[in-house]
Amino acid sequence: MSTTSRMTSASPRSARGKGDARRYSTIGRWLVAPALVYAIIVTQIPFFYALYISTFRWNLMQPQRKENVGLQNYRDLIASVKDSVLHGAVDIYQFRAAIVNSVIFTVATVVVSLVLGLLFAELVNRRFPGRNIVRTMLITPFLVMPVAGALGWKNLMMDPDFGVIDWVFRTLHLGDGPVWLAQYPRQSIVIMLVWRWAPFMMLILLAGMQSIDEEVREAARVDGATLWQEFYTITLPNLYRFMQLGALLGTVYIVQETDAIFMTTQGGPGTLTTNLPYLVYETAVRGSQVGRGAAMGVIVVALTIVAMTFLLRSLDRMLQGQYGDA
Amino acid sequence: MDRGLNRRDMMKLVSAAGVTAATAGTLGHVAAQTPEISGELNVAMVANPQMVALQKLAPEFQKAYPNITLNLLVLPENEVRDRIRTDVSTQAGQFDVVTIGMFEAADYALQGWTLDVGTPLSADDNYDMADIFPAFVSALSGEDGKLYAAPFYGESSMIYYRTDLFETAGLTMPDKPTWDEIEGFAKALHQPDGPYGIVLRALPGWGEFGAPLTSVINAFGGRWFDMDWKSQLASPESAAAIKFYTDLLINYGQPSATTSGFTECENLFIQGKAAMWYDATSAADLLADPSLNPQAANTGFAYQPMEKIGSGWLWAWAFAVEKGTEHEEAALAFVKWATSKDYVQLVASQLGWGQVPSGVRASTYADPGYKEYAAGFADLVLSIIQAQDPTKCCTEPVPYKGLQFVGVPEFVTLGDQVTKELANVVAGNESADDAIETIDAIANQWAQDNGYQ
Numbered sequence: 001m002s003t004t005s006r007m008t009s010a011s012p013r014s015a016r017g018k019g020d021a022r023r024y025s026t027i028g029r030w031l032v033a034p035a036l037v038y039a040i041i042v043t044q045i046p047f048f049y050a051l052y053i054s055t056f057r058w059n060l061m062q063p064q065r066k067e068n069v070g071l072q073n074y075r076d077l078i079a080s081v082k083d084s085v086l087h088g089a090v091d092i093y094q095f096r097a098a099i100v101n102s103v104i105f106t107v108a109t110v111v112v113s114l115v116l117g118l119l120f121a122e123l124v125n126r127r128f129p130g131r132n133i134v135r136t137m138l139i140t141p142f143l144v145m146p147v148a149g150a151l152g153w154k155n156l157m158m159d160p161d162f163g164v165i166d167w168v169f170r171t172l173h174l175g176d177g178p179v180w181l182a183q184y185p186r187q188s189i190v191i192m193l194v195w196r197w198a199p200f201m202m203l204i205l206l207a208g209m210q211s212i213d214e215e216v217r218e219a220a221r222v223d224g225a226t227l228w229q230e231f232y233t234i235t236l237p238n239l240y241r242f243m244q245l246g247a248l249l250g251t252v253y254i255v256q257e258t259d260a261i262f263m264t265t266q267g268g269p270g271t272l273t274t275n276l277p278y279l280v281y282e283t284a285v286r287g288s289q290v291g292r293g294a295a296m297g298v299i300v301v302a303l304t305i306v307a308m309t310f311l312l313r314s315l316d317r318m319l320q321g322q323y324g325d326a
Numbered sequence: 327m328d329r330g331l332n333r334r335d336m337m338k339l340v341s342a343a344g345v346t347a348a349t350a351g352t353l354g355h356v357a358a359q360t361p362e363i364s365g366e367l368n369v370a371m372v373a374n375p376q377m378v379a380l381q382k383l384a385p386e387f388q389k390a391y392p393n394i395t396l397n398l399l400v401l402p403e404n405e406v407r408d409r410i411r412t413d414v415s416t417q418a419g420q421f422d423v424v425t426i427g428m429f430e431a432a433d434y435a436l437q438g439w440t441l442d443v444g445t446p447l448s449a450d451d452n453y454d455m456a457d458i459f460p461a462f463v464s465a466l467s468g469e470d471g472k473l474y475a476a477p478f479y480g481e482s483s484m485i486y487y488r489t490d491l492f493e494t495a496g497l498t499m500p501d502k503p504t505w506d507e508i509e510g511f512a513k514a515l516h517q518p519d520g521p522y523g524i525v526l527r528a529l530p531g532w533g534e535f536g537a538p539l540t541s542v543i544n545a546f547g548g549r550w551f552d553m554d555w556k557s558q559l560a561s562p563e564s565a566a567a568i569k570f571y572t573d574l575l576i577n578y579g580q581p582s583a584t585t586s587g588f589t590e591c592e593n594l595f596i597q598g599k600a601a602m603w604y605d606a607t608s609a610a611d612l613l614a615d616p617s618l619n620p621q622a623a624n625t626g627f628a629y630q631p632m633e634k635i636g637s638g639w640l641w642a643w644a645f646a647v648e649k650g651t652e653h654e655e656a657a658l659a660f661v662k663w664a665t666s667k668d669y670v671q672l673v674a675s676q677l678g679w680g681q682v683p684s685g686v687r688a689s690t691y692a693d694p695g696y697k698e699y700a701a702g703f704a705d706l707v708l709s710i711i712q713a714q715d716p717t718k719c720c721t722e723p724v725p726y727k728g729l730q731f732v733g734v735p736e737f738v739t740l741g742d743q744v745t746k747e748l749a750n751v752v753a754g755n756e757s758a759d760d761a762i763e764t765i766d767a768i769a770n771q772w773a774q775d776n777g778y779q
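Protein chains in written order, with the working numbering: chain Z, 1 to 326; chain S, 327 to 779.
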């Protein structure tokens, strides 16, 4: 909006008075309308429909038993989490496990991807022979279809019989490698997600690095800064905005990841790899319990909004506290 | 000296292939063209080998029905099952014909989501409805006694084993082994780096891990629920069966068990990584084919293991016509073509006996060609399938139908959750006792939530 108003005020026509400005803002509103209508149709209508469905006990396979139960689905889910946390009861709807797993997968993947992405970006930001090839190779995992990537990890890499990792273990005489997807299911999923998302972080951070004025770096070097000092005092501070962006976008996307889970572990063993979207899929699509599934979805949205607000605020505070409004 | 084929040889080969194809075409063909039936058919199928074979033979259907446009959607089981279930239950009308299993057929019929295919099919004497095993007809029929899905191929369960490994170890597989004997063999033959003593499914999912597990629970005298829908998963019999299954896998099974479904187990067996494999009888046709299974000559077949009773298992993939279809006549023509005796002959002549949809028609087992191909297992499979009764799964009475599943529509959620929990035991992350306590609580809560208890 600020851009628009600045543009109008800068244009010579603004001299003609207030009427024009109003006319322009009306036109502006109309121009925004299609996007707004589209956004409402694809996001708000389904959301309100989900709210409506979530008040039913409704299994698609048993339409005659469909009944309005008010907020019972929410009460059941919240009670199951409360009982399992406070009284050690069985996590009957797997809801607590799914919340915990979602947090673990998202935080671990974002943090590790950012660190790796930073290293990769720093690497390909330097000139060396074959840089283009290395850059392309580093980006490739992000371009592989998630389902195909997950299948590759399951069958080509982590399989205890035919997998490359196990072969490396045996070749180096380290005995049998671990059975990744059974013994370390959470770690395995995080590895697959990091493989996919580190290149994404690299792209964002690389853009950030290239926006740093080469003269500043040069000046630092002339002043005798070591490589590490250059990285720590110049590159890193200038990248905070980009890291914030990467963390934000990454969180939004990674929270929704189900492909790797669907293709490898089907949410198991136990509930170790059931995250929220997978649980919603399992409940609503596979189990046909659309009422409870919708209630889960609504709770997820509420939690995500709270978490995002908190995350953004703390990031903002962190940036302002350390570097001001650079 | 190898000079390869010269041009004349090539011509001979090509013309010979042409003649074979032409004869096969006339042999296997469903009479003449039927151009009066038309329409666009959307068919959703599970990507099992038998369906993939059908996909290859689709041009033959088009020859018989030139005015029907046939769109085949063939996807892996988990994925297509969800899409079919959603499409049928919401009456979305994306598909005209769908593959459904014994689990869904009666429920869909009850809800009026699928059409009666039995009446039009039995009207054709050529179709020979009496040729289909009665257990499938009754399991795929609605409460009104009409057939709502035509069985394409059927299966029970059996033991596959490597005769060469048994011979080297001086072991003999009995005709009807018990689970205790199977455990003994597994122990004797197990190698930590393969071949493993036995491969079994433990990939979470009611239709994956759930099927063999439930059949073992049945064999040990256990059951999922008693007549009041109280969970019996923690009963001594069920618990013993669950512990047996998980221990068998932990001690003598494949390390990748928790990610192994039917396909992964089959791969392990074919790759020579398994001394035994307990799974669906439908794998026998493929395992006997040397071009598909390098171990074909050394593959032995045995009856499904017994304990108190046999490990019950009965399943059929069947074609159902969705009620909302606008091309009912074309849909019926397709279902009839795919489930007829002639189709079996067509597959045999074009693709070989290893790919025929077996397990459903008595005539397949009477065919000299099939008998010759399936000499090692045809009679065995026939006797296993004929011994299954989906209304009698367990030693104790149960309020549900189905052998390797609980035949109520809400079971999917329960089966998925229970198998996930038990996969954790197989993975070595949880004790069997803890897991049994958990699944018992889950099953009771499930029964309450769904109004059974």
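Check each hint, because a few of them may be wrong.
Unchecked claim - Output of the computed footprint for chain Z on chain S, the stretches with three or more beta carbons under 8 Å from beta carbons of chain Z:
1. 460-474
2. 730-742
3. 767-773
To be verified - Here are the computed distance ranges between Cβ atoms for each label pair:
4. A148(Z) with A622(S): 29 to 39 Å
5. A302(Z) with Q417(S): 25 to 35 Å
6. N624(S) with D176(Z): 20 to 30 Å
What the hints contain is simulated information worked out from the structure, not anything from laboratory work. In this text, a Cβ means the ideal position worked out from N, Cα and C, and glycines have one as well.
(request) Give me the numbers of the hints this structure contradicts, sorted from smallest to largest. (result) Hint 1 contradicted; others consistent.
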